[in-house]
Amino acid sequence: MLGICIENVRKTCPLVHNITNYVTVNDVANVILAIGASPIMSDEPLDVEEITSICSALNINIGTLNQRTIESMMIAGKKSNELNHPVLLDPVGAGASNLRTQTAIQIMDNIKLDVIRGNISEIKTLVLGSGSTKGVDADVADAVTEENLDHMVEFAKTFSKKTGSIIAITGAIDLVANSEQCYIIRNGRAEMGKITGTGCQLSGLIPAFVAANPNQKLEAVAAAVCTMGLAGEIGMSHLQEHEGNSTYRNRIIDAIYHMDGKTLDEGAKYEIR
Amino acid sequence: MLGICIENVRKTCPLVHNITNYVTVNDVANVILAIGASPIMSDEPLDVEEITSICSALNINIGTLNQRTIESMMIAGKKSNELNHPVLLDPVGAGASNLRTQTAIQIMDNIKLDVIRGNISEIKTLVLGSGSTKGVDADVADAVTEENLDHMVEFAKTFSKKTGSIIAITGAIDLVANSEQCYIIRNGRAEMGKITGTGCQLSGLIPAFVAANPNQKLEAVAAAVCTMGLAGEIGMSHLQEHEGNSTYRNRIIDAIYHMDGKTLDEGAKYEIR
Amino acid sequence: MLGICIENVRKTCPLVHNITNYVTVNDVANVILAIGASPIMSDEPLDVEEITSICSALNINIGTLNQRTIESMMIAGKKSNELNHPVLLDPVGAGASNLRTQTAIQIMDNIKLDVIRGNISEIKTLVLGSGSTKGVDADVADAVTEENLDHMVEFAKTFSKKTGSIIAITGAIDLVANSEQCYIIRNGRAEMGKITGTGCQLSGLIPAFVAANPNQKLEAVAAAVCTMGLAGEIGMSHLQEHEGNSTYRNRIIDAIYHMDGKTLDEGAKYEIR
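Residue numbers (the working numbering), protein chains in the order written: chain A, 1 to 273; chain B, 1 to 273; chain C, 1 to 273.
Chain A with its partners taken away, still in its complex shape:
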């Protein structure tokens, strides 16, 4: 019952520290507020240790990394580990440049990550050391499909076993795996890919879900992924013919604002393998 996970977020209002890119940061803040949690952003090395200490969870997103913010990611990540806060890594553009790939690997090597969330090309890069990321979007050749699904489920579980992190691979079909179990999620709409930052938004939601559901982390991540996808479906149902990706962005966040456990339980489409 994933719906309980969302109710727990609304009950506990976790404060989430985000070190994230400046492209989609406003949407990340609004989506965290929409789910009933609170966002705070800080990426200055002298500030992040204290900020992360007053929070319940940390979201690290390398979408517009620079040398200063990389330092902040490391400091905040280590402090969060000390405090046993859940930490998520969103390796935006891993595979697109050496700096992004190496930063993601450096974070994985030095910080215990509760969740790694990316598109399939980014995750393949982390597993294989190279990938065919097309900028910040996944390469179609990499996609999770009905045909390669069993193989990809194994791939996700194996990577989870190796890293000790829950692995969330999002795309047309989403996978959320630990070493034992994998949620296969079929919520969402293809048009979400035409909005910048729906992945970043999800990476902001997940730490809130995990902080609010410490004893069922895998379910919490799956609930966040289903919430985002279902919001994409609900948001689309309110879209008028002349409206496009910009209004759709708002409709999705609006749908999360109104999401409750019952709606999620009725709308979530998943199986577990």
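Be aware that a few hints might be false.
Chain copies aren't distinguished; within one or between two, either way the pair holds.
[Claimed, not checked] With a cut-off of at most 25 Å between alpha-carbon atoms, the simulated SDA-like pairs for lysine to any residue come out as follows:
id	residue 1	residue 2
1	194	242
2	11	139
3	161	272
4	11	193
5	217	149
6	78	67
7	194	54
8	78	66
9	11	140
10	11	241
11	194	258
12	194	3
13	11	190
Quick caveat, the hints were computed from the structure, so don't treat them as lab data.
With chain A's structure known, arrange chains B and C on it following the hints.
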């Protein structure tokens, strides 16, 4: 008559220099345009002195401060003081970290501030040297209520007397005080707290109002606060049932776009003590 | 037939590297997605060479420049030149400060620019070494009008001849010139000036259009300018009475999302001199 203040903004179109956080900066720019003023953003030490010189007012917001932008805040603030431009400080997250608290105090100590605008936890931090800020949101234990109102009015006037700045404390009840008088404002909606940056937006509006009304600064700040709150009420009236915080954000800025002196005078809810 | 240019963007999906300001970056990303291209943002010196290498075009916007990002602009620009990628410069605020003016000139002197797009005050600054920019907006005294149109067309052609760049001067009347020909474009709405970043958005669209139409660059830039203006007209037609600049911003991006060659060909209003 607060309405005149808004008409003066639309007549004089002041150019406002903003050194503000990257989370809500786009909304700050759009709300300044909505009220009929013009925004410019610059946070590079080598650039800010000239940029602030061509402006009429300065908005300093420490929401995502870093060492470079702190330096810029100091340079721009001093230059604005030289030129007698109104300067506002928004001490976002003061109390949440030492860097934020100390930066706010450093700015207060070195720059003559026309206005300090924050939530009650941030303002208490500046007065007492410590506070119970919950990240960037006020602690409920600190809230201005009908019960502690007389006390809080005195608190605001005393802080104004000490600093020489107009003090704007915003929350469910807003206070705008100089050492003699305090506007108690009851516009606004609780749901505004579910949008990131309504406080930052107000901090962008206030310098425009003060620059356009140099001989009635207290009224100008009160007018800006009433405008934001009233826009929150008007925006809510246009919200459909399925719409949430993301669309609400747009509706508020839209309402400011259409705000005029008459609407403000009819909708402003305040008393002066 | 400008419509073909838009169809070529949708067919080829060019990846555009943007080094742009943090005020309007989210809208730039969404408008690039709306036209069917893909955005990527990176402004770290250690990252930009590789990122620009995987892209098809580069958009340099100095709206919130700092010393780090200026270095990145130079690195990315030179690499793009090596790879023969189209490069655009948006000299935001040139004339408003020495740093902005000198940075724009440094970029012009060291990087082969396919397109320079700015408002008339910014472009005059680049031509004359000084201008009367009002912050990031054009001075009305500088405006392109029906009265000075022949003169301004010559001005644009002469500047194009001197620089080897296509010159796009946008305002109430838009000019898009190479040394031989000038498109005079009368699409758009005055209200677009009340939204932050419509110019930045256009500067994100143009590199996508040029990358997708390498053999008809002048037409490609004109098509992008007409697309933005026409979207402003279509977006306005969907605006309700109580809606203002914030919703209008979304409506414009939505209109670009639905724009096709036929709509553009029917709605584009231009002449060539």
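Hint check results:
In this homomeric assembly, residue 194 and residue 242 come within 25 Å of each other (Cα to Cα) both inside a single copy, at 15 Å, and across copies, at 22 Å. Proximity of residue 11 and residue 139 under a CA criterion of 25 Å is satisfied inter-copy only: 16 Å between copies versus 39 Å inside one chain copy. Proximity of residue 161 and residue 272 under a CA criterion of 25 Å is satisfied intra-copy only: 17 Å inside one chain copy versus 64 Å between copies. Proximity of residue 11 to residue 193 under the C-alpha cut-off of 25 Å is restricted to the inter-copy arrangement: shortest distance 17 Å between copies versus 31 Å within a copy.
Only within a single protomer do residue 217 and residue 149 lie at most 25 Å apart by alpha-carbon distance; the minimum there is 23 Å, versus 44 Å between protomers. Taking the shortest alpha-carbon separations for residue 78 and residue 67, both the intra-copy value of 17 Å and the inter-copy value of 21 Å come in at or below 25 Å. Taking the closest pair of Cα atoms, residue 194 and residue 54 come within 25 Å of each other only across two copies (20 Å); inside a single copy the shortest separation is 35 Å, beyond that limit. For the identical chains of this complex, residue 78 and residue 66 are neighbours both inside a copy (18 Å) and across copies (20 Å), given an alpha-carbon limit of 25 Å.
For the homomeric pair residue 11 and residue 140, the shortest alpha-carbon distance between copies (16 Å) is at most 25 Å, but the shortest distance inside one copy (39 Å) is not. Taking the shortest alpha-carbon separations for residue 11 and residue 241, only the inter-copy value of 23 Å comes in at or below 25 Å, while the best intra-copy value is 37 Å. Proximity of residue 194 and residue 258 under a CA criterion of 25 Å is satisfied in both settings, with 23 Å inside one chain copy and 12 Å between copies. For a Cα distance limit of 25 Å, the shortest separation of residue 194 from residue 3 across copies, 21 Å, qualifies, whereas the shortest one inside one copy, 28 Å, does not.
In this assembly of identical chains, the alpha carbons of residue 11 and residue 190 lie at most 25 Å apart only when taken from different copies (18 Å versus 32 Å within one copy).
The structure is consistent with each of the numbered hints, conforming to all of them.
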